[in-house]
Each structure stands twice: as C-alpha cells, then as structure tokens.
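Asks: The chain contents come next:
There are 4 protein chains.
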Amino acid sequence: MTEVFPLHPEPDQYSFTFGGKEPLLTVPPGSVVELSTEDCYGGAVRSVDDLPSVVCKFPFLNPVTGPIAVDGAEPGDILAVHLAEVRPRRDWAVSSTFPHFGALTTTHTTAMLHDALEERVWMYELDVEAGTCRFSARNSDYVVDLPLDPFHGTIGVAPDAFERIVTVTPSFHGGNMDTPETRAGSTVYFPVFVDGAHLSLGDGHGRQGEGEVCGTAVEAAMATTIVVDVIKGSDPIATPRIEDDRFIMTTGSVKPLEDAFRLSQTELVRWTQSLTGMDALDAYQLVSQAGLSPAGNVVDTNYTMVAKLPKTVLHGASVYDDVHDRLRRTGEEHLRTR
Amino acid sequence: MTEVFPLHPEPDQYSFTFGGKEPLLTVPPGSVVELSTEDCYGGAVRSVDDLPSVVCKFPFLNPVTGPIAVDGAEPGDILAVHLAEVRPRRDWAVSSTFPHFGALTTTHTTAMLHDALEERVWMYELDVEAGTCRFSARNSDYVVDLPLDPFHGTIGVAPDAFERIVTVTPSFHGGNMDTPETRAGSTVYFPVFVDGAHLSLGDGHGRQGEGEVCGTAVEAAMATTIVVDVIKGSDPIATPRIEDDRFIMTTGSVKPLEDAFRLSQTELVRWTQSLTGMDALDAYQLVSQAGLSPAGNVVDTNYTMVAKLPKTVLHGASVYDDVHDRLRRTGEEHLRTR
Amino acid sequence: MTEVFPLHPEPDQYSFTFGGKEPLLTVPPGSVVELSTEDCYGGAVRSVDDLPSVVCKFPFLNPVTGPIAVDGAEPGDILAVHLAEVRPRRDWAVSSTFPHFGALTTTHTTAMLHDALEERVWMYELDVEAGTCRFSARNSDYVVDLPLDPFHGTIGVAPDAFERIVTVTPSFHGGNMDTPETRAGSTVYFPVFVDGAHLSLGDGHGRQGEGEVCGTAVEAAMATTIVVDVIKGSDPIATPRIEDDRFIMTTGSVKPLEDAFRLSQTELVRWTQSLTGMDALDAYQLVSQAGLSPAGNVVDTNYTMVAKLPKTVLHGASVYDDVHDRLRRTGEEHLRTR
Amino acid sequence: MTEVFPLHPEPDQYSFTFGGKEPLLTVPPGSVVELSTEDCYGGAVRSVDDLPSVVCKFPFLNPVTGPIAVDGAEPGDILAVHLAEVRPRRDWAVSSTFPHFGALTTTHTTAMLHDALEERVWMYELDVEAGTCRFSARNSDYVVDLPLDPFHGTIGVAPDAFERIVTVTPSFHGGNMDTPETRAGSTVYFPVFVDGAHLSLGDGHGRQGEGEVCGTAVEAAMATTIVVDVIKGSDPIATPRIEDDRFIMTTGSVKPLEDAFRLSQTELVRWTQSLTGMDALDAYQLVSQAGLSPAGNVVDTNYTMVAKLPKTVLHGASVYDDVHDRLRRTGEEHLRTR
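Residue numbers (numbering that gives the first Met the number 0), protein chains in the order written: chain A, 0 to 337; chain B, 0 to 337; chain C, 0 to 337; chain D, 0 to 337.
Check each hint, because a few of them may be wrong.
Identical chains blur together in the list; that is why a pair holds if it fits in one copy or across any two.
Taking lysine-lysine pairs in the DSSO-like style, the calculated list, with each CA pair at most 27 Å apart, reads [as the list claims (entries may be wrong)]: (1) Lys56 / Lys20; (2) Lys310 / Lys56; (3) Lys20 / Lys310; (4) Lys56 / Lys231; (5) Lys231 / Lys20; (6) Lys310 / Lys231.
Since the hints were made in silico from the structure, they are not lab data.
Using the sequences and the hints, build the whole thing.
Replies: The structure is reproduced here in structure tokens:
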C-alpha cells in the first residue's frame, strides 16, 4: 500500500539553499508526496508593474519546497524521483527580464561597460484545461497562445557535506538546471550525498524554451505529485540523470558551456556502456550518431546541457530494474484514485 | 520552365576551401542542380582497417562540390538553397574517431598531456528503402538499426574578399556546421559576400547525433538535388538561417560554445522581431519561452549552435515572400517528373 | 597602541568552508593577528610516497584558519587585510598532481574519456634564509633552486547569507584565488557580506607559477602576520581588490576564463575611473594601454584572472585614504619590535 | 658578411592576409631586413574626429608588410625572426574603440541585445628620445606619460596550403597575436607551412596593456629591423614561440581563452621537456611553479595567451643552438654600423 504525504509549506518554511536545512518531511522509499511550490519570485510579481528588482528581496529568490528526507538513502546511493503531476496552481504566470541577468546581456560575471537592458515584466494567462499559456507583447498588441508544458526548473538534493548551495545554482546535486525535461512523466535520478538525500524542488515553469535565453521562464506556482525511491548497489552517478518513456538523459551543469556539454555526454557514454555492455569507444560512437543535445539553461551561475539517447537503441535494456516504469505506475494509480 | 543542371565533379575537381576557386557551374536563380558529393574521407575509408590518419592525406579532407555561382547574387543579398533530396550513393557509410579530434578527447586546441584516444573505424550498412543505417560495435556483437536522416554537414558560400576558409571550418559563411537541420526539406539562407555567392556543399551524413560528439557522423557520398534562388532587398543576415515546414532557425558558428549560443539566439530574436513587428525585448521574451536550442557540432574549429522557433507562434508571417514554399514545390515537381 | 592577537588553531579547529562557522577570534579594526596555517593537504603528504588521493580524506581538503571577525564590519563595507609576513613553518613543502585535477588533464568538469594522468608527488626543500625552494625531478636527476615567494592561495570572507562555499572554490568572496599577488607586502580588499566579515586564510604557497597549471603549488604551512581594518563609506566592491606599493589590482574569479578576464578588467576600469575622475571610456583606454593581465589560477572550480595598473599612472591618487601605507607601516613596526 | 635588404611598400603593396600573396622580397637565411609598416588603420585615423568606422574601409584593415620569402625554408622547418629594432616613424600614434569590438562590449561573436559602446579616438604624442607616449583623456583634462614599449601586434607566416587568413586573426601561423613580447630584443620562432615561410608583419604598437582590453593599442607606423634565419632538423613546433634574453615563451591563439592557456602551457611543457631531458610530468611540475602566464589579446577573432619560463631554471640549456644570441649580435652589429 503506497503511503501518501502532503507537503504545503507556510511562507516562512521555504528554503533558499540546497543543504543546511532540517527536513520538512521524512518519508519511506516508494512514497507519494503531494506538494505545493511558489514561483521563483516568491509570488511577489503579480502585475507588469511589479519590477522584480523592486518587489523581490535578494537573496530571498527562488524558494524551494523541502527538504524531503527519504528513509534509508545513503551517500553513494541514487535517489529516484518520479514527477507524476506538475500542475499550475493559478490561472496566471509571469516572466521578466532582470538587470544583468540573461544570455543576451552583460551580467555580473560576463561583466562589460554597457548599461543593463530594460527590466520588463510579462504576464501570462494560463488555461490548464486547454493546455495553453498566453503571451502578450508589452510594446505592441502581439498575442499568441503557447502550449503549456509544466516542469520544475529547480529540483535537487543536498550537496556534499559542508556546502550550502543557493537555489539559483545548478551543479552536481541538480538544483536550478532549468531543463524542460524535468516535466511530469519523467523520473529524475540524483546522486545521494547525505543521509536521507534531502530532496527539494520549486521554480515551476508553465513552459520554457531551451536555454532559457532571457533568464526566466513562464514562472508559476505549482501543485505537484512525486513518487520517490532509493536505488542501492548501482554504480554511483556523477550528475543527475533523467528517464522518460522514450529517452534516457544525462545532465551537465558547469561552466563553460562546452564543459556542460562534455560532462553530459561523458555521462551518457558511460551509462550507454553499462546498459549495452559495449566498450567506451563503441558507446561513444553510438551516442555520437543517435543522441540529442539540447541546451537546458545558458543563463544561470552554471550552464546546463542535456544529452539524450532514445531507448529504441538500447534493445530493451533494463534501467535500474525498471524503476521508472514502476514509479510511473504508482503515480498513475495514485492520480486515478485520489 | 525550371532549368536543371547536373554537377558531378571528377576526382580532381573537388574543392577544399570556401573562397578562392573558379565556379564549376553558373546557374540562373530558380534553377535545379543535381549533384554528387564525396564523403569527408574522400572515399578513402572503405573498411574498418582503413585508418583515416593513414589513408587520408591532410589537408585533402572534407571535399566539397562547387562552387556554384548563381547569376545576379551580389554582396548584401541572401542566397536561398532548398535541399530537395539528399540520397546516399552507396549501400555503406563510415564513421571513425580520429586522433586529437572530438569532444571527449584532448585536441590540437584543447591541448593536454594525454595520449590520443584510440583511432577506430565503424562501417554502417545503409538501406535507403528501409530508411535505416546499421551500427555494429567493434568490440562486441552489439548491432542496432538507426533511422536514416541524410543531410549535408558542410554547405556554405565564399567568404568575404581575401579569405579562403578550409572546408572543415564553419563560420559566418556557413561551411562545416554539421547540423542535422540541413536535411532534405530545408531551405538554407546564406549571406552573400561575393558576386555569384559561390555555393559549395559536401560532407554528406547518413545521420548524426546533435553535437557530433566523436567528431564524425555516418559519413556518406550523396546524390543531392537542390533548388537555388536569390533574395534581394531584405535586411542582410549575419549568419546562415534555415527554414523548414515547421521551424525558422538561425545558426551561430563561433567559439566558445556560449558565443555560438548567443549569436544564434540574437539572430533569432532579430528575425522574430522583423517577422512580428515586436520590439527587441518582446521578441527576446517570446523566443525565450518558445525556442529550441540544439547543439550542431561541438568538435570543429568553430562550434555551431542552432536556435529554432516554431512557425506556429508567427501567425503565418511570410518569410522572404514564401520562398521556402516556392522552392519546395519546384523541388517536389522536379523529383516527381524527372 | 596596536593590539596583537595570536591565532593557532588546534587540528580540529580548521575550517573547510567560507561561511557557516563561528569566529575563532574577534578583533577590533587596526589589529595585528599572528596566525598559523596548515598546507592544502592538511599536512598529510610528507614524502613522495604519500599520494594525496590515499592519505587525504575528501572533503577535508584545503583547511583554512579562521574565521576572524572584525568588529564593526558590516555588509557593504570593505575589509582591508594587509599581509605583513608570510613565512614557511617547515623546511619542506610539497606539490603533486591529483587525478582529474589540473589544466592539462581531463577533470570532473572538463570530462573526457581519457584515463587520469599519473598521480605524482614532489618534495621541495625550503631555505627561508637563502630565499629558495629546491625542485627535484622525480624521473631524472634534474634539480633547480627557485626563488621563494610565499603567499596565501586561499584568503576570503564569508559569502552572502545562506551560502557555505568550500575552501577550494574562489568567487566574489575571494577564497581559493591562487594568485601570487596575495603575498607579504600586499593589502587585500574584500567586500563584506556578513557582520564581522569573517576572514579566513590558508593554502600557503612557497611559490607558484601564474595559472597554477598542474593544480597545486609549492604547498607549505605558514606563520603569517596580518593587519586588518574596516573601510566605511566607499563604493561597494564586487570582488576582491589588491594593492601593493607599485600596483592597484582587481580580481575576477568565475568561469569561463574570458569572463574572469572581463570581470577583473571591468572592476579595474571602474576603480581607475573613481581614482582619476575620468569617464568610463577614458578609463577603459588607459587600462587598455597600461594594464597587466596575469592568470591567477586556471584549475580551480572557478578561474581567477588578475588585472593590474601601475600606480605611476594615477598621479598619486589616494586609494581608500592611504590605508595600504598605514597598515604596511603598522605591520613593519610590529615585525621590528616583536 | 650579412646582407641587408630594404622593404618599404607602396600604399598598394600592403597585404591583408597571411597566405595567397607573392613575396615582395626573397632573402637568404641570416639576412637583415629594414622595413616600414603602416598602422592598423592604414594611416587613415589622424585626429580624434577620424572615426575608424568612417575613414577605414573594411576589409582593408591591418595592413602588413610582406610576404618576405626566406630561401630554403621548407614545411616542417622553423623560421627564426629576431626583432632588432622597432621604432615609431611618426611623433604621434592613435587608439580607439570600435563598435562591436573589444573585451568589455558586445561584439559580432559575443552577440547581445545592447547597442554598441561609443566609438572614440585618442591621439598619443610620442617622444622616442624620452621613451614616452602621452595619453590625454577625451572627456577630462587627465594626461599621463606612459613608457614607450614598441612591438608588432601582427607577425606571422603563410598558413597551411589552401588557406588565406585575414590579418586581424591570430592562429597557429602567428598573425595578430597582439602580445607585447614581440618587441625589439625578442626572437620569434614560427612553424613553416609553405616553401619560403612567407613572413609578414605590421600593426605596430607604441605600447599595449596585456589583453588589449579595448581592442586597440597605441597604434603606430614603424621602422623596423629584423634578422631572419631558418632552423632545420628540430622537432616541429605547433605554434609560435618567443625567446628573449630572460625567457623562453610559447603562445596559444585559439578560443576559448582556457584553450589558449592550455595550448600555450602544453607547448611550454613540451619545450621544457626537450631542453631539460625531464619527462612530461616533471616538466609540467616545473612549469607550474616557475612560469608566467600573461594574456596577449582577449579581443581578436582568436585569443592569445603567452606562457613564459625564466631561462634561469634551464641551467643554460642551448635553445636551437643559441640562434637567439647569434641573431641578436647580428642585429646589434648592424644597428651600430649602419
């Protein structure tokens, strides 16, 4: 019998780091958690006149819900997190530029002598039933409906001992990877660094282009259902991996961008090697011809690249004893019956 | 009445640069050209025992077919090249590692103290009717059929006056971009730098993963049909653009990889701006939420990123007076009736 | 009357992060602190047979001495730390390669398919009186004396609220910058993020080449004398600055390396602007023609570039009310009279 | 008896590429050449009102004097070029910003949505006898004399067959490296790619900061005396090397900047290995502790890093049979007696 846990933080219960927080919730492996998350602005941007640099208070940006400790998870294990549902909690979402943030502007790290680009806010109307979010230009009457494709931009575990990593940073622990692949239907695998793993997530996106070019997505508060499990006895993984019904995926969240590419690809070659029994060079060749390489984010304190391989080339190899299928079924059954 | 021109170079007629060669062929705008290309090894690698470093002679690598001069193309114009058909000419193709080349190895530019990775050749069996290319591992009996998805890794025009750019380099003139998006069904737009534009293409790939991680694709000699046209009076473009039935796309071929990303995205924002009438920041926002950002290559002398926007968000805006539709129809009619 | 404080941590008192620790010592501005630091291996590598990967226990790497809280330092202030003396505590020092660490090898972030380079340890004989450290090759009888030039590779303050940054990372708070410019005779200026600033330092280097190519320097335990002060009412600084008798210097510790360059140069332009009254473009021009740009480190989790401007071009402009001269005199007097 | 050759091009004799030009002059090894070069603006910027974007005509930028063919130089050889004298030909020089060029601005490759920074020209008064160049701010009355330190920003040989590389690009053939180390007193070693090597040089700089941050130096027309020689039978070199009385130096001119660093350092490790007989790891260690790593340029189409090792650590090892000493003496004698 699957246990179901709710997790709906009070405003002062959100976290702003991975690491350094006591768990809000502790659950056994195999549990379902129904949780709510706030948007990356902490819900403070509610109209086009709410400039983030005015209404948000640094460093209280990008709140996450958690940590959730999972019983029995130990350093060296893998935490599996299946996203069963990611559903916007409001009928609106918001995006913005932000001074010195984004891929096509001087930033605090790509420092230049230019003045910042204009700070501007866009409100999106969400229609969950129709599956759309409506973009409206600010300086003209251009309006277009985009498909809803909700996911969590930020999802990760506590990093190695000592560290506390702010939630705007993606790294080896996951965090603010901002890849659309962490959507409902995906199972995310994290390396476990501390007892209990300490999962947190937030930064819901109604949708996002690959690369998150302007620095923010269609930022939305979410009602999310996950199923968690612990994988023991497998080779440790260096960075988060993702699986859905069609692809296995690896991530690399470092700078520069070519290193994010290299890291994600090396991980995919290693994974392919272990799933097919091929040697490293044969796996390198197969990944080179069959893989996909979308950008996750090219705006955060680390950049994220994703490497994807279609499961069709794996001849039905079992990934972590089919935990993805198992968690997906648990999630589906829970959603059907709640 | 569409004119049709054949172009089947003799072995000594291939080019190894963009720029600096007399045209092999001069055609009027609107023409169809049926041409053949050799693979990037010059056809010299024909078995797993033909190591490229032995059988290929530097710098005679990556031969291209051309240049094709297009009447009336002048600097500042745009050359439109529709790929009507890209069909492998043999029932086999080949891939390899190459010492000091590839994304997951030390190279001549990412110089390190490691010895080179092993040089290894893979032969692929092509079945054009079935639409597959068969991968066979070298050090195990792993075999898998991958979908054929033929395209030209190298396609470009003569660069600015004075320069001669070797065919292994992608840059503002196109060249060795190695993006699967230059497949049959796509129209590629090039900035024109010299009278006649001087189009060349080669480096056929039976298929390729995004990023071309190991440095080479499923390398194949091709029989290719293109339709060319000249666009006058439009804003000049900085780098090659691509259009197919579903997407408009821009490319950036520079280093580092984040600059390739920035360049492709800036071009896409500018193009979106001109197609929708929005200002730069509104276009930036739309691209950020609706765009795709696959890697082209992360192995060549410049890296290539591609930025894609689905046409659905453009409300039917006409791209270059619908030249893509027109050239596609010309190509389809030609293929039907030849 | 200058107050003098000793700080000689017990083995279990070293820190491994910036941030998150209670001060070991609290001192008023203007104080002298005499302190001792352990080497980056925690003193565990004592012969060529002590491989770091065997004798060191991750994450107990790169211990620092501190934090030292300075009374009255508040967020937005600048902490000035004058290095009066940096003196090796032993007659030997040690360097090594380390698997997957260094500029000329695949690493955990520049991930590739190569095996790691050999792990090798070099012992250096130090002669403080002669001012030399003796390098002895391991695989031949090559021996050469290099000039001693002791400095602290790691020196920084607590970062912004929430964060705990491991001591191997350099960033906006300073940390593991690994630039030889933080030697005796230099004054280092840090942005203050938390009350008391919370200064820590360690990672003494008997000497180091610019870039720290192999990943480690001539690692040495140090006896160090510093003088600290708090600067109030100045424009906040983004990253650590350094001043010695001849140069003003700025640092940038981010990735990629061109961003470290950009950040250090932007800071130097801004500082030059404020010291000369010129506008940004005039300062940009002067820095462009008169500045030096050595690499700090190109091996750590962030890279560090240093930008230097000779004071001769500043026409005697007073830097922070000549705090460097004042602290240097305090230090000299203390050393003379202790 | 040393032969002396003059080379003073007519305005229409300057070159704008490396490669693809017939020699202006052919000389035997050991010859002295007295030559004149124009500044990077082709002499067209003569007052603060001469904006480069108006008075210069792309691609006629950065003219070089040459090619000079050296008898007997063959691919695989090394061309040695000793700079005996580099003397400004006028009592003024000029610098400028240039739209979309420089390290602290959006550029054509680091493409962003910012408008270009202001284009501004600075005139410098040169006093060759006093050894100064006078900087005068444009928007204030700040004036300062900087030391003259004349060198050639652009010096290189013809690249590999087929290619023509524009003179604004540095690469494996040298070219626009923009490092102050190519000053009078230095000997520069180039890989030879074509018969005769085909040396060209220009882009004289009255002085320049490391990194050439704003994109241009104190640009000056030069009267230069060089001594050339051919080295046969040595190991081929990958990129230009430099030697002066105190240092051996290597260069790396690629992107990204960390690859320029890696390339220069790998070359320095290899050179140190061959000069000392140590193995690669021991040489890596020595370079790591004794080397210097200044930026050359971080603004051109490739970035240049320089790696320097003091000759004192080489125990008097003979570099290319002391060709530097020999050419320096030849140059000194020539200058004394002309």
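Asks: For Lys56 vs Lys20, is the C-alpha pair at or below 27 Å within one copy, between two copies, both, or neither?
Replies: Both. Shortest intra-copy (20 Å) and inter-copy (25 Å) distances satisfy the 27 Å Cα cut-off.
Asks: Can you tell me if Lys56 and Lys231 fall within 27 Å by alpha carbon in one copy, between copies, both or neither?
Replies: between (41 Å within a copy, 23 Å between copies)
Asks: My question is about Lys310 and Lys231: at a cut-off of 27 Å on alpha-carbon distance, are they close within one copy, between copies, both, or neither?
Replies: Intra 23 Å, inter 46 Å, cutoff 27 Å: intra-copy only.
Asks: Classify it for me, Lys310 with Lys56: is the Cα-Cα distance of at most 27 Å met within a copy, between copies, both or neither?
Replies: So Lys310 and Lys56 fail the 27 Å test inside a copy (44 Å) and across (38 Å) alike.
Asks: Given a CA cutoff of 27 Å, do Lys20 and Lys310 count as a within-copy pair, a between-copy pair, both, or neither?
Replies: neither (37 Å within a copy, 46 Å between copies)
Asks: Evaluate Lys231 and Lys20 at a C-alpha cut-off of 27 Å and name the case that applies: within, between, both or neither.
Replies: Answer is within; shortest intra-copy Cα gap is 24 Å, inter-copy 33 Å.
When each numbered hint is compared with the structure, violations occur for hints 2, 3.
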